[in-house]
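Enquirer: Sequence:
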Amino acid sequence: MAGQPVGTLADAEKLIAEFFCRDQSIEFRDDAGELVGTFTPKPPVLPPPDPLVPWDPSITRKELDRRASEPGFSIEEARERLGRA
Numbered sequence: 012m013a014g015q016p017v018g019t020l021a022d023a024e025k026l027i028a029e030f031f032c033r034d035q036s037i038e039f040r041d042d043a044g045e046l047v048g049t050f051t052p053k054p055p056v057l058p059p060p061d062p063l064v065p066w067d068p069s070i071t072r073k074e075l076d077r078r079a080s081e082p083g084f085s086i087e088e089a090r091e092r093l094g095r096a
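For this note's numbering, count along the sequence shown from 1 and bump the result up by 11.
By construction, these hints were calculated from the structure, which means they are not laboratory data. Don't take each hint at face value.
[Unchecked claim] Capping the alpha-carbon separation at 20 Å, the derived lysine to aspartate or glutamate pairs in EDC-like fashion look like this:
#, residue 1, residue 2
1, Lys53, Glu29
2, Lys73, Asp61
3, Lys25, Asp41
4, Lys53, Glu24
5, Lys73, Glu45
6, Lys53, Glu38
7, Lys53, Asp41
[Stated by the list, open to error] Restraint ranges, calculated between C-beta atoms of paired labels, are given here:
#, residue 1, residue 2, range
8, Asp22, Lys53, 13 to 23 Å
9, Gln35, Pro60, 32 to 42 Å
10, Arg78, Thr51, 50 to 60 Å
Remember, predicted model here, so these are calculated numbers, not experimental data. For each residue, glycine too, the CB sits at the ideal point set by N, CA and C.
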């Protein structure tokens with residue numbers, strides 16, 4: 012791994028778990044140092060993240076950023092809009 016020998020095929024059973032954790036390609040070489048194959052771990056399939064806005068999962072980060080960049084209302088303006096002036 013990373014250009015350094017880590018073991019032989021006899022050691023493969025204990026090394027495979029480490030290969031997966033490293034998330035990088037591994038080269039298999041013969042005793043003469045010739046490349047005989049590679050192993051590239053498949054990335055894990057993760058569950059989708061929780062929605063940013065649980066009550067409206069269609070709202071994206073881009074939409075939230077757009078809304079946050081708008082000027083908004085002062086407390087007084089919000090009270091007026093709610094009829095509580």
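Enquirer: For each hint, tell me whether it holds in the structure or not.
Expert: Tested hints:
no. : hint                      : verdict
1   : Lys53 / Glu29             : 13 Å, holds
2   : Lys73 / Asp61             : 16 Å, holds
3   : Lys25 / Asp41             : 19 Å, holds
4   : Lys53 / Glu24             : 18 Å, holds
5   : Lys73 / Glu45             : 50 Å, violated
6   : Lys53 / Glu38             : 15 Å, holds
7   : Lys53 / Asp41             : 24 Å, violated
8   : Asp22 / Lys53: 13 to 23 Å : 22 Å, holds
9   : Gln35 / Pro60: 32 to 42 Å : 25 Å, violated
10  : Arg78 / Thr51: 50 to 60 Å : 41 Å, violated
In summary, the numbered hints that this structure violates are 5, 7, 9 and 10.
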